[in-house]
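Quick note, the sequences are listed as chains A and B, same order. The numbering used here numbers the first residue of the first sequence as 74 and each following residue consecutively. The numbering used here numbers the first residue of the second sequence as 162 and each following residue consecutively.
Treat the hints with care, as some may be off.
Straight-line Cα separation of at most 30 Å, DSS-like style, residue types lysine-lysine; simulated pairs [unchecked claim]:
1. B/K632 / B/K690
2. A/K129 / B/K755
3. A/K125 / B/K755
Rather than coming from a laboratory, the hints here were simulated on the basis of the structure.
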Amino acid sequence: MTLLWFLGKRFLWLVATLWIIFTVCFFLMRAVPGGPYSDERSMPPAIERNLKIKFKLNDPLYKQYSDYLLDVAKLDLRPSYKNEDFTVNEIIAQGFPVSASLGIFSLVFAVALGMSAGVVSAVRRHSVYDVGMMVLATVGIAVPNFVLASLAVIVVVFQLHLVPAGGWGSVRQIILPSLCLAAPFAAYIARLTRAGMMEVLSRDYIRTAYAKGLSERRVIMRHALRGAILPVVSYLGPATAGILTGSLVLERIFLLPGMGSHFIDAAFNRDYTLATGMVLVYTVLLFVMNTLVDISYAVIDPRVKLAER
Amino acid sequence: MNRQIRDAFPYIVFGVALLAVLWAISFGTLPKADFTFNNGDEVKTVDPPKATGVPEGRIINAIFEGLYRNHPDGMEFDDEGNITQFPTPEADGNVPMKLVPAMAESYELSEDGKTYTFKIRKEAAWSNGEPVTAHDFVWSWRRMLHPETASRYAYQLTLYVEGAHKFNSSEVDVGDRVEVELNDRPDPEQTFPHGTMSRGVVRQIGQPPKPDLDGIKDKNKRSDKELEWKDQWVFVVEIKPEIDGEIDWQQRGELKAFSRKLTEDLAKFEFQRVPEKDAESEATSNRETTNVTDAETDAGSDFSEVEFTGEVETIRNLLFDFDSQVGIRAKDDQTLVVQLMNRTPFFLDLVAFYPLYPVNRTCIEEHGVPKWTKPENLVCNGPFKVEFRRIRDRLRLVRNPHYWNKKVVRLDIVDALAIQSETTSLNMYLNGQIEWTTNLPVSIMPELKKREDFYGSPSLICYFYRLNVNKPPLDDIHVRRALNMSIDKQLICDTVTQAGEQPARSVVPPGLPGYTPQFCNLFDIEMAKAELAKSKYAREGKRMPKIEIVYNTLERHRDIAEVIQQQWKNNLGLDVGLVNMEWQSYLDTMHMQKYSVARAGWVGDYPDPNTFLDMWITDGDNNETGWSSPAYDKLIAKAAQETDGEKRLRIMEQAEAILMDEQPIVPIYYYFRTNMVHQDVKGFYPNIQDLHPLHLLRVER
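Okay, chain A solo, but in the shape it has when bound (with noise of 0.2 Å):
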């Protein structure tokens, strides 16, 4: 029960968001010079007025406005002005698994090689493989996505010749973006996780368990683990948002049709309907991230209750 009042009151503040969001939108896109129809020829008036007609711009603005917020609420994004051939939906649809795909992969390669180092670094604390791993931490922290990804381009595509330079359609390509993408992530949560799993291991249910007799894998993996991943969770959502705006570089530099160039175009061709159609759906996504997040919180942690948050 729970869970289901928790969900309903997320979902009303999702559309109460949603909707703030897209006015904020609407009337910001239409402040700035410019236009959908504008273009380095400039045309007769009469060819202009009808252009606006056609992209609805003509009629007075709370008219387009109350006009669009329905047609939004009906799920109806409109066609997207500048990519005449398309709707905003149908730009989505053909992008969104892109980018989705990048996403899990990026969210996977960054949890798993981010938990198992900082894991290893805390337990073989002060090693060389502690050392070095939080070295190359610190610098995946500090090095920008697109130098990585330049950097990886020359040694893995040029020197290596291990993946293409770019495109999509194939596992090997996938590969090179989603580690450049998932690296500043990877590093953060090794530290996280380090940081976590050396306050939990001085713990006096840690003694006890080794007084137990039981392995240090079974320290580790069953009771250590547990306490530590909790701050590794709760950057999920964070890290979520970050590789969801990290992919905008990462889609140019490997030519991944996602959802990421499409955002950063339509702001500059003052595509007002798949600009507002983007903001939309990355906030929803981030929401649906941020909710799950929550969730899994409260069944890793008995303490936590999901009616306080």
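Dock chain B against chain A, hints included.
For chain B alone, kept in the frame of chain A given last:
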């Protein structure tokens, strides 16, 4: 939360992650394309009259075909479609292009040079197997000109074809034949299929009181207001009877009144009747129009005296009658007649340019815009058709089995990639993933230039600066000349652009047959200083106002602006600022003329100097400098009327000489087109328009 869930949770998460990864790698494999190239950007639309860009052009040229087509000159084929003769490049690396018959097999030009009669070839077919006829062209051009299509290239017809301007701008006068479309379309969002059409002659035009337009400062708002006012006009039309689908213009018809937009309180307005012929002053166009068919002999002119008392009907459109008044006719399935206003020597170039390609009426009327462009719906008539489009990824073309000239097509599958990043494109080229890349990174141009597979050649594009002649100090001709003379353009070509570009001294790039570009002054610091001393600012000892260079965000534009800023500072002692703007703001600033100096580039639409020169007439849509010269306007108008091709070019030269002397613009350099193409690709030839017909390419591995 019970214990079981908690214990199972790690496994659930692991399982979900595993499923997600499995979903993420579940790709279908695509067969490899025979030829893959970087198209530079996403294709915004494949609807010919709506498209504007270069990436769109490449695809539309592959899937559609006009009456004529540009081919490399000297490329010959045998009956099996093998290349028997290869063109030879000229000294600058370019191969000349030649117009070859495409959908048309030939054309005839009347003695006065104003009537083109195209013979459509019998074997011309759509991708669904049906024949392409002259009626398809009439319908396609009608659609392109229809005001609701809002084609940006409409001027390609409106400037030259009889009656096209009036139809496109929905201007009508008393006495004109018109077509009336009622407000009963099957789908109000779609222009085609039309609502019920009736045709007749305008007998009276009633106008509500004209709003105060001069009081509105903003140009856009003023024209909006004026158009809004025109929407409220009431047209009293004598609807002619229709017998067996034919209109009998000689019969007397019945009077009806129509308005595009009728508000209720409008009925209170006093409508004034526009007397016949006096309506001329309402037409903004000062072009002389002679009607294709003489509408003045139509019966019923006495209707203009009748007091109309019936009801006013709201209609969708009231346009100049296309079928009888616009010079585009299908005599029969194979014969297309185009009536021009003046001799237009480059008209064949216009029909070979993609906005005038035919589109399939049934396809558009059945699926509507934009659904007809979906690969599963699209009916086209070019060498290829679209297999699928993955936005931002690739557009796959496959051979069209119904193309009339399919024997020359050797590629079965062609992939057009939308790679925006120059570096990524080069990486993929070097890595063998694509065989042709267009945008090359400037930073390593000197390295790339050394390669065998690098093609760099002059193109029909001029890079220049607009000077706003209404903004001091640019209102002074001496200042403008001095600005030009103090730029070392060679230095810009050598250190910034680096692909081999040539410094520009004219707006028309060299290389157009028969035309000699007219030059502005050379780079000469002493002369520039002397010129500046002649300006009113120097004479009156006034402080020279600050100049700001506006450019849109791009590394190259910034680098060039910085060089020029430095040179104007050092050579002339001017105070120069730089303003970087993102594209849309930059466009807005240009259109509103809120700049003093602005970077610009102009791509020639067709290989004729006119495409670079007619834009600078007074208040020309793309003038945007505020410059105006009656002598220049006269020369451009004279050139348009001139029937002798040689003389016409001489007049154009005179016009450019004026432009280059008064310098509302400073030419900087002529663009180079840079391409890199794999050595095993045959049939690729650099040319001044940078047109590379995909169906002529072959890959010999």
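Against the structure, the hints:
Of the supplied pair hints, the one linking B/K632 and B/K690 holds, its CA atoms being roughly 21 Å apart against a limit of 30 Å. About 27 Å separates the Cα atoms of A/K129 and B/K755, which keeps this hinted pair within 30 Å; it holds. Among the hinted pairs, A/K125 with B/K755 is consistent with the structure: their alpha-carbon atoms are about 23 Å apart, no more than 30 Å.
Checked against the numbered hints above, the structure breaks none of them.
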